[in-house]
Amino acid sequence: SAVISQKPSRDICQRGTSLTIQCQVDSQVTMMFWYRQQPGQSLTLIATANQGSEATYESGFVIDKFPISRPNLTFSTLTVSNMSPEDSSIYLCSVETSGRRGSTDTQYFGPGTRLTVL
Amino acid sequence: QKEVEQNSGPLSVPEGAIASLNCTYSDRVSQSFFWYRQYSGKSPELIMSIYSNGDKEDGRFTAQLNKASQYVSLLIRDSQPSDSATYLCARRSNDYKLSFGAGTTVTVRA
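Line by line, the protein sequences are chains A and B.
Numbering follows our numbering, with no gaps: position 100 of the first sequence is 100.
Numbering follows our numbering, with no gaps: position 19 of the second sequence is 19.
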């Protein structure tokens, strides 16, 4: 498995401001993703963070609102821009790891960033 | 129709009993399925992955996959209070994206 860290773990922000969330992995991974979990809800994929190219966004999510960087194979950032109270969620990064012999590819999640927008 | 349908529960079982969780999916092409456990305030933790029809056992957990009927299930045997959590099933597409069910909240009564 991969060890994934996220910063910050939580934050309280004012509407109209932006927050950048960092995701760091202890090994090189090809696939990194950003998910959102709204209060009491399940996880929804925001985008795939592609190394060396623009992120691939899911329906309902746009680059201007959620710009993503992926400068290398161990690090990615997600920015939540021009925040409103509706952006209050847990934001999670995940990585896909290749299975060792006898096991299969698996996806692991970081600890998440709990964001509250006032 | 949602890609992954999961009985949202809640499910309450006595300690030592079997907890049974079910999920159906709409995409016949899906090949990979995961069960995650999420404790309140924590991120999802992988419990099981299953790719082939049939049963896969890991300790007290058994995942079952039936591709013809498009369902995947999770059995928790000898349920313990520490198993109380929300369980999420997920389908992985060919481009590695996960689609999650709504989650089932399980409470194990001591």
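Rather than coming from a laboratory, the hints here were simulated on the basis of the structure.
Some hints here could point you the wrong way.
[Unchecked claim] DMTMM-like mimics (lysine to aspartate or glutamate), calculated; alpha carbons at most 20 Å apart, straight line:
1. B:LYS2 to A:GLU58
2. A:LYS7 to A:ASP26
3. B:LYS56 to B:ASP78
4. B:LYS42 to A:GLU54
5. B:LYS97 to A:GLU96
6. B:LYS97 to B:ASP27
7. B:LYS97 to A:GLU54
[Unchecked claim] Which residues of chain B face chain A? A partial, calculated answer using Cβ under 7 Å:
8. PRO10
9. TYR39
10. SER43
11. TYR96
12. GLY103
Cβ coordinates follow ideal geometry from the N, Cα and C atoms, glycine included.
Verification of the supplied hints:
Taking the CA atoms of LYS2 (chain B) and GLU58 (chain A), the gap is near 15 Å; set against the 20 Å cutoff, the hint holds. Of the supplied pair hints, the one linking LYS7 (chain A) and ASP26 (chain A) holds, its CA atoms being roughly 14 Å apart against a limit of 20 Å. About 17 Å separates the Cα atoms of LYS56 (chain B) and ASP78 (chain B), which keeps this hinted pair within 20 Å; it holds. A C-alpha spacing of about 29 Å is found between LYS42 (chain B) and GLU54 (chain A), which places the hinted pair above 20 Å, so the restraint is violated.
Between LYS97 (chain B) and GLU96 (chain A) the alpha-carbon distance is near 9 Å, which keeps this suggested pair within the 20 Å criterion. This hinted pair checks out: LYS97 (chain B) and ASP27 (chain B) have alpha carbons roughly 13 Å apart, not beyond 20 Å. For the proposed pair LYS97 (chain B) and GLU54 (chain A), the alpha carbon gap of about 17 Å is at most 20 Å, so the pair holds. Against a cut-off of 7 Å between C-beta atoms, the interface hint on PRO10 (chain B) is violated, since the closest Cβ of chain A lies about 12 Å away.
Because the beta carbon of TYR39 (chain B) sits about 12 Å from the nearest beta carbon in chain A, more than 7 Å, this interface hint is broken. For SER43 (chain B), the interface hint holds, since its Cβ comes within 7 Å of a Cβ in chain A; the closest pair sits about 5 Å apart. The criterion of a C-beta within 7 Å of any C-beta in chain A is met by TYR96 (chain B), whose closest approach is roughly 5 Å, and the hint holds. Interface restraint check: GLY103 (chain B) against chain A, minimum CB-CB distance 5 Å, threshold 7 Å, status holds.
In this structure, the hints that do not hold are numbers 4, 8, 9, in rising order.
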